[in-house]
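Can you make the complete structure from the sequences, with help from the hints?
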Amino acid sequence: MATKLKEVDVVIVGLGWTGGILSKELAEAGLKIVALERGAMRTPESDYALPNIRDELRYVVRHDLMQNTARDTLTVRNNVSQEALPMRRLGSFLPGEVVGGSAVHWSGHTWRWTDMEFKIRSMYEDRYGKNFIPADMTIQDWGITYAELEPYYDKFEYTAAVSGKAGNIKGEIQKGGNPFEAPRAREYPLPPLKPILASQMFADAARDNGYHPFPRPSANASQAYTNPDGSKFGACQYCGYCQRFGCEANAKGSPHLTVIPIAMRNPNFELCTHAWVTRVLKDSGGKRVTGVTYTNVLNGEEFEQPAGTVLLCAYAINNVHLMLLSGIGEPYDPVTQKGVIGKNYCYQTGASARLFFEGRHFNPFMSAGGSNDTIDDFNINWNFDRGPHGFVGGYNVSGGFNTALPIGYRPVPSGTPQWGKAWKAATAKWYQTAMNISAAGTVMANRYNYYDLDPTYRNAFGQPLMRMTFDYKTNEHKIGDHAAKVINDIARSMNPTHLNPARGRSDPWTVVPYQSTHNTGGTIMGTNPRDSALNKYLQSWDCDNLFVVGANVFPHNSSYNPTGPVGALAYWTADAIKRYVKNPGPLVPA
Amino acid sequence: MTESGFGRRDFLKGAVVGGAAAAAGTTAVATTSTAIAAAEIAPQQEAGPVPSAGYEFLSLDEAAFVETLVDHMIPADELSPKGTDIGINIYIDRALAGAWGKGDRLYMQGPWKAGAPSQGYQLPLTPAQLYRAGIESMNAHCRKAYGATFDRLNEQQREQVLLNLSQNKIKFDSGLPARPFWTVLYQTVMEGMFSDPIYGGNRDKAGWKMIGFPGAIAVYREQIEQFRDKPFPAKFFGIADMS
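Protein sequences appear in the order of chains A and B. Taking this note's numbering, the leading residue of the first sequence gets 90, the next gets one more, and so forth. Taking this note's numbering, the leading residue of the second sequence gets 924, the next gets one more, and so forth.
Among these hints, one or two may not hold up.
[Said to hold, decoys possible] Ranges of calculated distance between the beta carbons of each label pair, as one might list FRET restraints:
{"id": "1", "chain 1": "A", "residue 1": "ALA138", "chain 2": "B", "residue 2": "ALA1020", "range": "24 to 32 Å"}
{"id": "2", "chain 1": "B", "residue 1": "GLY1098", "chain 2": "A", "residue 2": "ALA679", "range": "55 to 63 Å"}
{"id": "3", "chain 1": "B", "residue 1": "GLN1110", "chain 2": "A", "residue 2": "MET212", "range": "42 to 50 Å"}
{"id": "4", "chain 1": "B", "residue 1": "TRP1035", "chain 2": "A", "residue 2": "THR563", "range": "30 to 38 Å"}
{"id": "5", "chain 1": "A", "residue 1": "PRO675", "chain 2": "B", "residue 2": "GLY1098", "range": "56 to 64 Å"}
Since the hints were made in silico from the structure, they are not lab data. We put the CB at the ideal spot given by N, CA and C, even for glycine.
Here you go:
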C-alpha cells in the first residue's frame, strides 16, 4: 500500500531541461512543487571533475550517465508484422538518467525550428498540392507559430549560453550567419566558437560550391558568461570530451548549472531523487489527474504524491510510456488510425562521408561539442524546390568534429584490414589526417511508426515495456540519397587523398550502433483532440491539469537537434501554467 | 562427445552456468606469463614485458586463446609493442570479471528469440558467458578445421580463421552464433588498446602514442588556433597520472 503524501500544487516528473525550467519558473510564481527524478544527484565539482570525467570507456562505451536498460528498456521492431524484442542494451539512442537528464551529456546544438515545421502540411499543400504528401505520411500543423515562440527561443538561448552568429535580425540578413533562419530579435548571447581546421575546410568548400556555411549554434560558452538569472559559465576548453560527458569547465549549457540550482534555493521547491514514477492517477471521472505514484528505488517503498497539476518532464520516450501506462487518452491504432497516444513517433536520418588528407593535421581531439560549420541550403531554405526530388523535409550538412575519442573514432580508408600491421599503420596515419562531412535529415511522421505497450516484456516494476515500431520510409530514403550526392560533390571538390563516400541508407533502422538521441512524437501537440494529444500549450486535451513537455510533443522530426524548441516550449508552457493556475480549465477550447 | 567438439547440451550447461567446461580433447596448457612470472614483478618500465597481474576470470585455455589473439591482432612493430605487452589480455580479463562482464545494464529477461539483425543483441548470455562459450566454440572449430586449438595454429591459419570469423563464415557446432562473439571480441581488443590505462590495457599509453591522442589532460583553449593544421606535441596523460 502506497504511503499518501501531502498534496502539493505541482508535481514534476523528471528533472532535466524541461523539468528544471518549469521548476524554477513555477516556484518563482509561488507554486509549491515536488520534482521526482529517477536518477541520482550528481555535481560538477565531484562527478564531472578532472581527471575521472575524461574516461571514454566509462562514459561513452559503458553509458555511465544513461538509462539502465536492465531496469527499463523498450521493445523494438521495424514493422507491425515483426515480433518486437527488447533493446537489451542502449545503442541507437541514449536517454540520460541523472539530475539534469540528457542535458548533462548533450553536445549543446541549439536550433530554432521555424514555421517550415510548425505549418508543414499547409505550406506543402499550398505550394505542391495535396497529392504531393503521401497518403500514409501523417504530418500535420503544430498549432503554434514561430512568431509566438521567438521570445521563448531567445530566453532559452540566453539561459543556456548559446554561441553563434545571427543570420537574420528582425528581417535583416547578417553576414556570417545562417541566411535562411527565421528573424530573431537580437544576436546570440555569445560569439561563435573558434573554428577548427575541419570546419574551415568544409566552409570554404561549401562556399565554393555556392552554398551558405555558418558556424553551428551551440550551448558551449565561447567566453566566460553570466546568464540573465545570474548563473555563471566558464569558457569552453575545446577538450574533445563533450558528447556523453558532463562538462568539467561549466561551459556547456545544462540545467544542473542553471535553472535547477536556482529552483533548489527556492523554499517552494523540493527535489526527490531515486523516485521512479510508475503511474499518473486520475479521478473517478477520468477528466482530471490527481497526482502520481512512485517507488523509492533505494528501498522499494511506494508513495502517492497528490498534486493540483501534474507535469511530465521525463525523456520523450518515458513521457509517452507513462501516458500509456496510466491510461490517459486513447492509444493510437495504426490500422484504424484512431487514438492519439503513441502516434507519430519519428527519428533522424542522414548520410556521412569520411575524407582523408595526407599531410594535414586536424587534431580531432581538440574540439567543442559544436565545432562544426553547417549549410541549410537544403533544409529551412524554402526556395529549394522539393518538387523535382519528390520529398517533404530536408537536411542540413556539417563538417567538423565532436568528441572524436579513439575507442570509437579511428578513421581508415575503406578496404583497410581490421587488425595486424597494416591496420596499425593505417590507424596511426589517418587518425589525425581525416575529417567527416555529414548530413542530418528530417523524418516525417508515418501512420505505421508509433509506440504502444509491449504484450510480453516487462520492466523491473512489473509494468509492460514500451514497444517502438519504426522504420525509414521512401521519403527518408530520397532525402538520404539527395544528401549523399551533395556531400560527395562537396567532398570531391576538396581533393582528398581518399574518400569514403556518403551513401543514402537502404537498410532498416537498427538498434545498434548509436545514431541519434532525437526521439520525437508519441504525445503530439496540435489544433484539435481528434488528431493530437495536447493543445498548443502542451496541455492534455483529456485532463486539463496535466501537461506533457519534451520532444514527445513534436508532430514530426526536423533535421535539427530538438533541444531549441524543447527549451523554448518549456518556457512557453511555464507562462501558460502561470495563467492556468489563476483560471483553471482548458487553455484552448476543444 | 565427438572428437571435434561437444554436444549442444554440454555447451548450454557450460555457457549458462558459466562453468569452466573445457572441451574434450583440449590439452593446451597456459604457456605464457600468467602464474609463474607473477612471482617476479618487475618495476614499471617503458615497453618492457608486462609484469603479470594474474587472471581474475580467464581459465588457462581461455588465457592462451586471448593472449594469442591479442598478439596476432596487435603485433609488435615500430608503432607499438604487441598486445600482451600493452596489457590487452589483462584489460579483457578485468572487463569480463567485472560488472560489465557479469551483465551490468543488460536486460536479461526472456523469452529469448533470435530476432532480426536490426533488433540487436538477443542472446541469453552475459558478455563473460558469451566470451567463454565463444572461445570454446572457436577452439572446437579450430580442432575440426586444423587439428589444434586456436593458440596452437600457425600464423597463416590464425589469420584465416579470424578472417572467416569476422566475415561471419563460421558456423559453430555449439549453436552459438558467430557474429555476436566476433563483435564482442573485436570491441574488447580495441577497448584494451585505447581505453585509459587504469583498466589494465593501453600500457604506457601505447595505443594513444601510436595515433597521437593525448589522453586525459585536455584543455586546448589556448592551443586550438596555434596548432590549427600543425602537429600537436602531445604529452600523454592518463587518469592515474593525475590522481
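24 to 32 Å was suggested as the range; check whether the CB atoms of A:ALA138 and B:ALA1020 agree with it.
28 Å, holds
Verify the CB-CB distance for B:GLN1110 and A:MET212 against the hinted window 42 to 50 Å.
45 Å, holds
Cβ separation of B:GLY1098 and A:ALA679, checked against the hinted range 55 to 63 Å
57 Å, holds
Return holds or violated for the Cβ distance of A:PRO675 and B:GLY1098 against the range 56 to 64 Å.
Given about 59 Å between the Cβ atoms, the range holds.
Does the hinted range 30 to 38 Å hold for B:TRP1035 and A:THR563 at CB?
34 Å, holds
The structure shown violates none of the earlier numbered hints.
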